[in-house]
Amino acid sequence: MTAIARGLSGWEATTALARLSLRRMLRGKTLWVTLAIGLLPCLIAVFAQRNQSALEAWASTLKLALPLIAIIPPILVATSLSDEIDEKTSAYLWSRALPRWSVVTGKLLALAPVAATLSALGLLLSWAIFGGPAAVPAAVVGRTLLGVFAGGIAASVVSAMFATVAPRFAVPLAIGWLLLDSMVGALSMNLHVIAVSFGPRALASGTQVVTGVISLAVLTAIALTIAVRRIDRIE
Amino acid sequence: MTAAMVSVERCSKWYGHVLGVSDISWQLTGGVIGLLGPNGAGKSTLMKLMAGLLRPSRGTVRVMGGDPAEDASVRRRIGYAPEHESTYDELTGLELVTTLAHLAGVPRAQAGAAALSALATMGMQATMNRAVKGYSKGMRQRTKLAATLAHDPELLILDEPLTGVDPIARNEIIAKIRALAAAGKTIVVSSHVLYEIEALTQDIVVIHRGQVLAEGNIFEIRRLIDHHPHRIRVECDRPRELAAAIAGSDHVLRVSMERKAILVDTRDPDRCYDELAAAVIERKLDLRAMSSPDNNLGAVFEYLTSGQGRARASE
Amino acid sequence: MIEATSETPAATPVRIGKGVIHDLGYARYAGERRSPSTLWRVIMRHQLSQTWKTWWRWKLWAVGAAMVTVTVGLVIYLSQNEMFEPLRRNGAAVKLIDGLLPYSFTFFRWMAFGLTMTVGSTNIARDRETGAFGFYFCRPVRARDYVFGKLAGMTLAMASLLVVGPFLLTAFRIGLAHDTDEMLRLLPWLGRVLVVGVLASLVYAALPMAMSAVLGRRWLALGLWAGYWVVATGIFAAIGFFTWTPLIALDPGAALGSLAYGLWGLEVSEKAAQVSVTVALVSIGVHVALAIGILYWRVSREAVGAVGASA
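Chains as they are written, first to last, in the numbering used here: chain E, 1 to 235; chain P, 1 to 315; chain C, 1 to 311.
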């Protein structure tokens, strides 16, 4: 019996591509490499309390863990997207009855939460090592984890944008940009609002929270728009 | 009048300064069409334009009345098999074809069955549960073709589908392509191996330097290439007598001798065949074989794409 | 074209005369061939020429290093008598003209990190991905020739960023000496800057290449290298800060910094962020040796597979 092809809606294509991306990620080495990198903050957590209070140790751990937002999302998201174009498997996707933007949304749907979780996982485990709520208040940790998670999502979308703008060099460009971004985000001047890393810092410190959230939302929206528009033009 | 399946109108495509195809106008109504050309001629570019992977820099490409690059409903009815081998190596053959079938529009619930059917058609049932990264070249090609068929498209665009396939599998795939054509599908296939195209079809399009040099039936195109004399080989018991009988005709350019045969180069093959037959009958020669060594695709291809070979405008 | 004599009557056997095959011009190379032990030089030159292509692989960072050299040189010239607070000698602040030179390695190392991101951390993985191992090892190239050639090429490229600029700045500093005595006193600085520069070049060449060899995919290798250099080394240094100071040398960057400051007899203002010259040298030596060992092991394994396996 012949199955009739009827064309996929944007959501169906997005979820189909998300499933494909997840399956490929789970069967490859990328997840293990990023997990190993994501767990690095646990190392410092073991030793950080020797000369510091729990809160100071948490702050030290956070300072060393924030750059993970610049490393893990590009490895997961930018690699996945740019590999489609580099290895020409995009030929299968472009010749199918799906809207091209669903390739971006599908990959982000699958990989951005993973990237964000891995970016925050080390901090969560560090909190457990410090002693949990008794050592560092849950509200502080919750805010920080939410900030890092949101920062990871934003960094994933930025990585996707680089993958559509410069597919052959997406990973180094995304990492380089996000590392620069982390320096800008640490500035005390207002310029820091244009940095993805400002949002997580604002949420973690509890100051300028609304500005941080808006900054993250706007940067994510801009990057997503560019990615979705650019992928339509890639040949 | 049958509506064209594919209509390419004054289409050009360039990549920066590199010209892919140049001002091509061409129509395809149905059947199997062989796309021929040297490396870099523009075959893959033309196929990608038809499949919707590329947008023309100038002109239009219409497939089944729609723009394949913009209209997903058109792409739903196209099956494209790219030239390169890369696929999602982490998946098994069945997972790959199922996923691609679903992405081509087959409902999720039916994609598995469609994939199974397509893999069975390509003889991949035994290995479909192995990861693609462990496949040989031939198995990859078959899996690629299965993915192209799974959503039952009306137009198949196959870019070098027989590359790396062993001789037995090649014959099987050629038979399957012919069966698909007989079932009503329109197939565009490219290859560098000319006898593969000859085994599939007599209708060809020759592309050279981004332009369509010739299109139509192989033999008709050959007939039109009158810059190159036609060569006829006749094997008989007394070749010298035959040579003497034909050498005086004004359309004969050259006669050369082999041990038991003569080779005649002529500008007018129809007259030459008539005169040869008359000479054989008159002299009661024992005719063993008569053939035209250059009335084939290889010769046509060479004549058209070499510096000297150009056909007159098709009639 | 093979020529044959004319045929004979059917009663006697056909004799074929002498045949001639005409030379179409191809001749197998019969000249001198270089010894396999020198093939590493070919690989080294190839590495350098590939790295030199395009504006962004090497040239971008070379321009950056040149800008650092000029900027630091200008600052040294214009502010030579200003005090430089981040560094001290025997507890007392040093002049900028004396302190900025070892400190400037920090900026040159940023350029070297850039080169690792564009070339250093992806070159071996790229060779594996593209099947270049098959090309290398079907020829009389041994694993050690390949490793040595690649390492030599990358080290030279790194040296253009980490040795040339600091050497010029040192020469400039010596040129600013007030008298011959000061000039003679400063001459050993040339040796120090060479030691730090060469060791830094080795670190920035070997470590990313080792990661590139371990992971066969270049972007994954780049990500691992970036994760290691940006995050892991900072964590190792922090562990040393919190526990036992010599452990700071687990961060090769901190070890290089400590080596530079130690050779100049300087201390950073935050004393615990520095290790002794001996510990720094041991750390650098262990890191480089480990990286070369891993590189050689992986290349040896992959070389056999690349030649023996079918396509």
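Just so you know, the hints here were simulated from the structure itself, not pulled from any lab data.
One or more of the hints may lead you astray.
Unchecked claim - Below, simulated DSS-like cross-link-like pairs (lysine-lysine); rule was C-alpha separation at most 27 Å, straight line: (1) E:Lys29 <-> P:Lys133; (2) P:Lys133 <-> E:Lys88; (3) E:Lys88 <-> P:Lys284; (4) P:Lys133 <-> P:Lys185; (5) P:Lys137 <-> E:Lys29.
Unchecked claim - Covered stretches of chain E (in silico footprint by chain P; criterion: 3 or more residues with CB under 8 Å from a CB of chain P, positions within the stretch not fixed): (6) 13-26; (7) 145-151.
From a predicted model like this one, the values you see are computed outputs, not experimental measurements.
A virtual CB, placed ideally from N, CA and C, is assigned to each residue, including glycine.
Here's how the hints hold up against the structure:
| no. | hint | result |
| --- | --- | --- |
| 1 | E:Lys29 <-> P:Lys133 | 15 Å, holds |
| 2 | P:Lys133 <-> E:Lys88 | 16 Å, holds |
| 3 | E:Lys88 <-> P:Lys284 | 65 Å, violated |
| 4 | P:Lys133 <-> P:Lys185 | 31 Å, violated |
| 5 | P:Lys137 <-> E:Lys29 | 24 Å, holds |
| 6 | 13-26 | holds (count 7) |
| 7 | 145-151 | violated (count 0) |
When the structure is compared with the earlier hints, violations turn up for hints 3, 4 and 7 and for no others.
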